[in-house]
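**Q** This is what each chain is made of:
Protein chains: 2
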Amino acid sequence: MEMFKVHSVEDARKKLISQFEGYNLKTVDINISNAAGRILAEDVFAGIDVPHFRRSTVDGYAVIAKDTFGASESLPVFLEVVGEVQMGTSADYTISPDKAVYVPTGGMLPEGADSVVMIEYTEKLDEDNIAIYKPTAPKENIIDIGDDIKKGEKVLKKGTKLRPQDIGVLSSVGVNRVKVFSMPTFAIISTGDEIVEPDKEVKPGQIRDINTYTLAAMADSIGGIVTKKVVVKDQFDTLKNVLEDVLKDTDFIVISGGSSVGTKDITGKVINSLGEPGVFVHGVSIKPGKPTILAKVRDKAVFGLPGQPASAMIVFKVFVEYFIKYLLGIENEEESFIEAEMAVNIHSAQGKETYQMVTLEKKEKDYIAHPVYGKSGMITLMSKAKGYVRIDTDEEGVNKGEKVRVYLF
Amino acid sequence: MEMFKVHSVEDARKKLISQFEGYNLKTVDINISNAAGRILAEDVFAGIDVPHFRRSTVDGYAVIAKDTFGASESLPVFLEVVGEVQMGTSADYTISPDKAVYVPTGGMLPEGADSVVMIEYTEKLDEDNIAIYKPTAPKENIIDIGDDIKKGEKVLKKGTKLRPQDIGVLSSVGVNRVKVFSMPTFAIISTGDEIVEPDKEVKPGQIRDINTYTLAAMADSIGGIVTKKVVVKDQFDTLKNVLEDVLKDTDFIVISGGSSVGTKDITGKVINSLGEPGVFVHGVSIKPGKPTILAKVRDKAVFGLPGQPASAMIVFKVFVEYFIKYLLGIENEEESFIEAEMAVNIHSAQGKETYQMVTLEKKEKDYIAHPVYGKSGMITLMSKAKGYVRIDTDEEGVNKGEKVRVYLF
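For the record, the sequence lines run as chains A and B.
With my numbering, letter number 101 in the first sequence gets 101, and the count goes up by one each step, no holes.
With my numbering, letter number 124 in the second sequence gets 124, and the count goes up by one each step, no holes.
You may find that some hints are simply not true.
It does not matter which identical chain is used: a pair holds within one copy or between any two.
With a straight-line cut-off of 20 Å between C-alpha atoms, the simulated PhoX-like cross-links for lysine-lysine are [what the hints assert, rightly or not]: (1) K290 to K352; (2) K375 to K150; (3) K403 to K365; (4) K203 to K151; (5) K290 to K15; (6) K317 to K154; (7) K403 to K362; (8) K403 to K363; (9) K384 to K158; (10) K26 to K161; (11) K134 to K403; (12) K157 to K296.
These are computed hints drawn from the structure, not numbers from a lab.
All values derive from a computational prediction rather than experimental measurement.
Just chain A, same shape as in the assembly (with noise of 0.2 Å):
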């Protein structure tokens, strides 16, 4: 245990990947209506080919590419037409040389036939009879057999995050049940003598809860499920019966408040009377949230979150759901952001990543950001902001007019 050095966000990180090694999240097999947004918890491999058989990719004749050859407006080929395939039915024909047989878009092929002429490049002389305009290439207008999908083929890996198109995928090879990752479940307690539930009068001298509900909508956010929400007095025994509770039956506990060393610091205090290792990191160079506390109580990991609301937000994203992302592995997820330039010098806090709130303005097709200032403690810190621009460590700011991304919050 190290209490009191301040570790770099990276080395943070490390510590808390490295304490919870071999860590596995429960998983469970749900039906693909309901997977969206889910992530995967194994590959998933295809079935069948897809397309299983050949298939027009328009309205046209199925024919052997060869009979074409030569084909023109001035020197048309003339086929006979042997018949004509409806959708979703097999295409019970034979193509021998110098037949064609109809097939829409999406149709089943006929045995023998190696391309399609588009209808555009033909015409009907009769019953029985089409003339030819164009030549068509072995293999045009179709899909072959398995073009899209091979059987056996990876269709989707482990740590997939299942986006609309990925259920389509899972459909497509017949597959209508899949294993994702368990929500895992979140207790979301602040400490604080001084807090108020929302629906309750404030007195002089308190304030209203805050926290719980913007970390339970972080939660919610990343797919998590918050089964307690919580607000305690900063008493030890009051967090160590609340602490003893939720660990019974929760994945994660984020606490915030109570972790600021110099204020009465009882989160770290209690963690540590629950069992080794109890508390591994406290304090973090990062700006806003330098008191933050990692720790691993029972096997489970605990995150103590400075009181201010901005502080507990940031270091939530931070902490809270890089874990999360990193347990779940998610394998597909680029994080995207804003190319903005900047509109005045700003400066990051000395050897601290720095996450600097800013608004967007539209210039035309550009963004230009503003960075919001406030008081420690505000939420509007938060909710003026449409993203952060990150600072890293040994940057020194960032210059007027510079581009930064920004990414949204």
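Fit chain B to the given chain A structure using the hints.
**A** Showing chain B alone in chain A's frame:
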């Protein structure tokens, strides 16, 4: 009705909006704990100041700033400590000249005090006396009444998509129920004689249903509730019966397949058989997605999407998602993207707004976009893509090395 006249995306959107002028979405009152991601249906005003008392932003001594002027390391100012404010309680002291009261971070300032000296710049001499080594200015280290939010201030606008910090703002002003737009209900219908459910066996000529799954997941991702999901044969009466049924109790109807002129094109005919105005756009200059239908039946919006999965998804995004966001009047959502460099030249379809699917390759901090190619109808066109690049109607394409915005999809 203007059948077969192809509209630009912009024109089609304008027609859609003008057809539904005055359309109102239902609203519902919900608890703020369940409101994250929902859209506010009314402005919210603060009924109180936040904070509603003067708070200290540091641990220190509340003083009259003037008393500390001139204090230094070599010549401290001495003050008498007349009390200590407890968190969450009223500061029942009055500060007179040369007096100080201890206040913790977030604690209430006593009457008479106008500043707080940080504890770091003080020394406790005995139980009742401190030395102050640094002057403090009036209003230093305090948050005044209403500094964060002023009573009567509009804190959140109608049309705000509630983020975690917005929920925090609501809580801070004591609002624990809000009026939000009801989640719009959707019926998702796929037509096609060849389509079977994913849990059924596929025979030659048949394919598994993809569109109802991808489109239902897309409706879900924009906050919709899919109340009906159905695959129907490409038959006039069957589709008409289903449509009449879902028109009774769904807000929006999305039909995929059957809208391509040249195939049986029953979607448009069925819609028009149900009354005026029926189809008001049939055909949009967009790639993929040309055979798009926009219609109004019994005061409800009906969208006819192409049957190809990629086209159906793009048209859903360009029209259905656009329209829902328009109706909700979402104020605060920026479309985020990843700026990337195009790996090769890509060409747009002449006179069409073109959506080119791309994958992303990360090179240090930068991204390279590679087009995803494939035949029309392949679901892997979408599942292999990270996002798309939009090429406007008047642009010819994108050159290799050019910067593009990749919208994640």
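**Q** None of the hints should be skipped; say for each whether it holds.
**A** Checked hints:
{"no.": "1", "hint": "K290 to K352", "in the structure": "within (9 Å within a copy, 52 Å between copies)"}
{"no.": "2", "hint": "K375 to K150", "in the structure": "between (59 Å within a copy, 15 Å between copies)"}
{"no.": "3", "hint": "K403 to K365", "in the structure": "both (14 Å within a copy, 13 Å between copies)"}
{"no.": "4", "hint": "K203 to K151", "in the structure": "between (68 Å within a copy, 16 Å between copies)"}
{"no.": "5", "hint": "K290 to K15", "in the structure": "within (16 Å within a copy, 54 Å between copies)"}
{"no.": "6", "hint": "K317 to K154", "in the structure": "neither (32 Å within a copy, 28 Å between copies)"}
{"no.": "7", "hint": "K403 to K362", "in the structure": "both (14 Å within a copy, 19 Å between copies)"}
{"no.": "8", "hint": "K403 to K363", "in the structure": "both (14 Å within a copy, 18 Å between copies)"}
{"no.": "9", "hint": "K384 to K158", "in the structure": "between (38 Å within a copy, 15 Å between copies)"}
{"no.": "10", "hint": "K26 to K161", "in the structure": "within (16 Å within a copy, 32 Å between copies)"}
{"no.": "11", "hint": "K134 to K403", "in the structure": "neither (54 Å within a copy, 40 Å between copies)"}
{"no.": "12", "hint": "K157 to K296", "in the structure": "neither (30 Å within a copy, 41 Å between copies)"}
Checked against the numbered hints above, the structure breaks hints 6, 11 and 12 and satisfies the rest.
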